[in-house]
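Could you put together the complete structure from these sequences and hints?
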Amino acid sequence: MRRRTTWTIRLAIALVAAGSLVASTAVVGAAHRPPIPPTAVVDWSGERQAVDGFGGSFAFHKAGGIRRLGEPLTSQMLDMIFDDQAGIGLDIVRVMVGDGGVWGDQLYDGPTQTIEPEPGTFVWDQPDWAQRKNDFDAHQIWLMRQAQARGVKTILASVWSPPAWMKQNNSVTSSGPSGPPNKLRPDMYQAFADYLAEYVLGYEREFGIRITHLSPTNEPDISTGYSSCQWTAEELRVLVRDHLGPTFERRGVTAKIVLGEGVGFHEGYALPTITDPAANRYVDVVAAHGYAGLIDDATRAAPTAFTTSHELGKTIWQTEYMNQGAPRDRLFVNNTISDGLRYATLIGNLFDETRLSAYFWWWPVANNGADGSDLIRLVNTGTPQSGNPTENGQYRIFKRYYTFGQYSRFLDPGDVMIDATSTPTPGVTVTAYKDEATHDFTIVVVNNNPDDVPLTVDLTGGFPLPPETRQDCKRGGWASFVNPSFRNQGECVSHVAAGKGPRPSVVPYRTSGNENMKKLDDIRIHGGSFSTNLRGRSVTTFVPKWSELPALPDRKDVFSTYLAEENDGQSAGLRVITTPEHGKVVTGVRDGSHLRWANVNFADGSAAGFADQKGQLRLHATVAPKAGGVIEARIGSPSGPLVGSMSVPPGTGTDWLTVTTGIDTSPRAANGFHDLYLVFTGGAGTLFTVDRAEFSD
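Letter by letter, the sequence shown follows residues -25 to -1, 1 to 672 in mature numbering (1 follows the signal peptide of the UniProt record, and there is no 0).
Simulated from the structure, these hints should not be mistaken for lab results.
Hints are not guaranteed to be accurate.
As the list claims (entries may be wrong) - If you anchor each label on the Cβ, the simulated ranges turn out as follows:
#1 G389 to N424: 27 to 35 angstroms
#2 T661 to G368: 39 to 47 angstroms
#3 S614 to S504: 47 to 55 angstroms
#4 N458 to N363: 49 to 57 angstroms
#5 T96 to P525: 48 to 56 angstroms
#6 G603 to D497: 37 to 45 angstroms
#7 I197 to G126: 30 to 38 angstroms
Claimed, not checked - Taking lysine to any residue pairs in the SDA-like style, the calculated list, with each CA pair at most 20 angstroms apart, reads:
#8 K128 to G177
#9 K601 to M621
#10 K493 to P528
#11 K475 to G452
#12 K559 to T536
#13 K158 to E209
#14 K475 to G503
#15 K231 to G288
#16 K494 to P525
#17 K520 to E411
#18 K493 to N508
#19 K475 to F456
#20 K493 to E523
#21 K559 to D630
#22 K589 to D672
#23 K128 to T187
#24 K493 to E669
#25 K494 to I372
#26 K493 to S480
#27 K559 to L549
#28 K449 to F461
#29 K449 to R462
#30 K601 to W631
#31 K158 to G200
#32 K108 to G183
#33 K231 to H285
#34 K475 to W521
#35 K231 to G177
#36 K449 to G502
#37 K475 to P439
Even glycine gets a Cβ: it sits at the ideal position worked out from N, Cα and C.
What follows is the structure, encoded as structure tokens:
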């Protein structure tokens, strides 16, 4: 149930009120003292780890689906992922080092070509290379170039498997329980190191792609029917110490070595290497995946997961995670704010408690069969993919795209995490970051509580805020300001007296059940503090006014919550009131009244994104009936195509109920982007009060 408190108490007001009550307790009494909101203290001077950024993988030809969309949709998808003006601004691309395997579909879900198909023979040294070059690893190379054009500078290349001829089982995949080990041959360690060095050097020379980070393993703890290779932690130590590190050093390879990337989120696969001084000096990043080992409903890491990495000052990355495996990757909750909140909470906890520097999603954009895998899913026709393009030009954006973006859009490589009160009140987590050079800062607050929570944020430790009063300028204070800076005290005083900008304020961006990174009104900073009201079950990011970004285009996923009072247009006579049970609602509904929500993305009309669920979409409306009537769901206009209808019986006007209808998702109905209208019909007088509408499977 949603409840909204409409009051916001600023700390200064609260303190004045508290002081007045001390003097008048005989009249008022302590029981009537207004509550003081919880406070989060953010300390500019409390520097922690550097931020390397946020990334995602495009392994297994997933960039091909983006390319096949065609313009302008291809560029729109790329901008939504890599551009922080039009999207969530990912900073890192993770790609697969090709192994030449033949499993899977070579267009949709298989490996890529290897640079060394046989010992000592590299593809770029062969006579026909000029003819073959444009088709070699084409989707990943295209994607990396597109990302670089949008400002991405960090590329991580991970090895799922060495080429088959280097393996004990002569295959890039598992040979089964009775077959030879799915491992690198002991006599091939140096060949593997040379292969990786040549990969980095060759991609820059041949394609203009600078691989900045190289991981010799992807999930060394499993052997699978897709590209894989098992390693022990000790074998990785030998590889790095005796072969990979020295080879990179000898050949001038500048790519940093990333080690680990096991299924479980811990340092185990890197531990022998980083505790061996001869090997440790070659390792720049300790990495792991999040599929196992997370605790507290998978919202944080075990406290000892990276103990030695912390002691040695190692950079820590989480390089792959998603809603993995059936039925988890097909659950309806994946479409909702609940899923988005879990990842937002996890990201904040990992940066705070695990001292993480980078966080990766699995596939940012993909055409596949699992709703848990993507931030944006390309809708397909449901026909077999093999050799047959199945993208239909539609897409679905999950709530996790926006909650992930509440971090990635506003943080850049080189930012530094700073101290903040991590849990100012139960259910609320806070992390904060700064850019010393530009004086920008980012504060991300996750509210997992169902109700709204007031919060005051105190900015301490020398935040570069503009002066507010003449007193700020006095006694040498003028010299401390950097945004703007002043030559003397008089210039500072004149600035304040003239009310010149930039104003000391923050700009909030919020994702909730019914909002998708919505840009909210500015909040003024007074005396180094600002106060806000956190919406229930939401993620809010605050940045200074001088570094604000534009609002993202309004694309409402069908599984957002549609609050009646936060509509995009309504007929005359409707008004908003506040009820104790449901907070703000819309009343005054009469025959012919309507509510409108713009740009709702029904995609292909399937209930949870799967082609086999087309036609299963349902709409629910929560209302308090009075005279009763009918709620019609229409698209395009109040008289547009009818896609659903539900009857509401008469009632008292105070008892709430939810009515439901199936939705017509045929191609000319609720399919693709449409404005959604709820049109109310019935007899005379008030029909009902409306709280919200929601879709489900």
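Taking the hints in turn, this is what the structure says about them:
no. : hint                             : verdict
1   : G389 to N424: 27 to 35 angstroms : holds (33 angstroms)
2   : T661 to G368: 39 to 47 angstroms : holds (43 angstroms)
3   : S614 to S504: 47 to 55 angstroms : holds (51 angstroms)
4   : N458 to N363: 49 to 57 angstroms : holds (56 angstroms)
5   : T96 to P525: 48 to 56 angstroms  : holds (51 angstroms)
6   : G603 to D497: 37 to 45 angstroms : holds (43 angstroms)
7   : I197 to G126: 30 to 38 angstroms : holds (34 angstroms)
8   : K128 to G177                     : holds (18 angstroms)
9   : K601 to M621                     : holds (15 angstroms)
10  : K493 to P528                     : holds (9 angstroms)
11  : K475 to G452                     : holds (17 angstroms)
12  : K559 to T536                     : holds (14 angstroms)
13  : K158 to E209                     : holds (13 angstroms)
14  : K475 to G503                     : holds (18 angstroms)
15  : K231 to G288                     : holds (16 angstroms)
16  : K494 to P525                     : holds (8 angstroms)
17  : K520 to E411                     : holds (16 angstroms)
18  : K493 to N508                     : holds (15 angstroms)
19  : K475 to F456                     : holds (14 angstroms)
20  : K493 to E523                     : holds (13 angstroms)
21  : K559 to D630                     : holds (15 angstroms)
22  : K589 to D672                     : holds (10 angstroms)
23  : K128 to T187                     : holds (8 angstroms)
24  : K493 to E669                     : holds (19 angstroms)
25  : K494 to I372                     : holds (18 angstroms)
26  : K493 to S480                     : holds (17 angstroms)
27  : K559 to L549                     : holds (13 angstroms)
28  : K449 to F461                     : holds (12 angstroms)
29  : K449 to R462                     : holds (13 angstroms)
30  : K601 to W631                     : holds (10 angstroms)
31  : K158 to G200                     : holds (14 angstroms)
32  : K108 to G183                     : holds (13 angstroms)
33  : K231 to H285                     : holds (19 angstroms)
34  : K475 to W521                     : holds (13 angstroms)
35  : K231 to G177                     : holds (16 angstroms)
36  : K449 to G502                     : holds (15 angstroms)
37  : K475 to P439                     : holds (16 angstroms)
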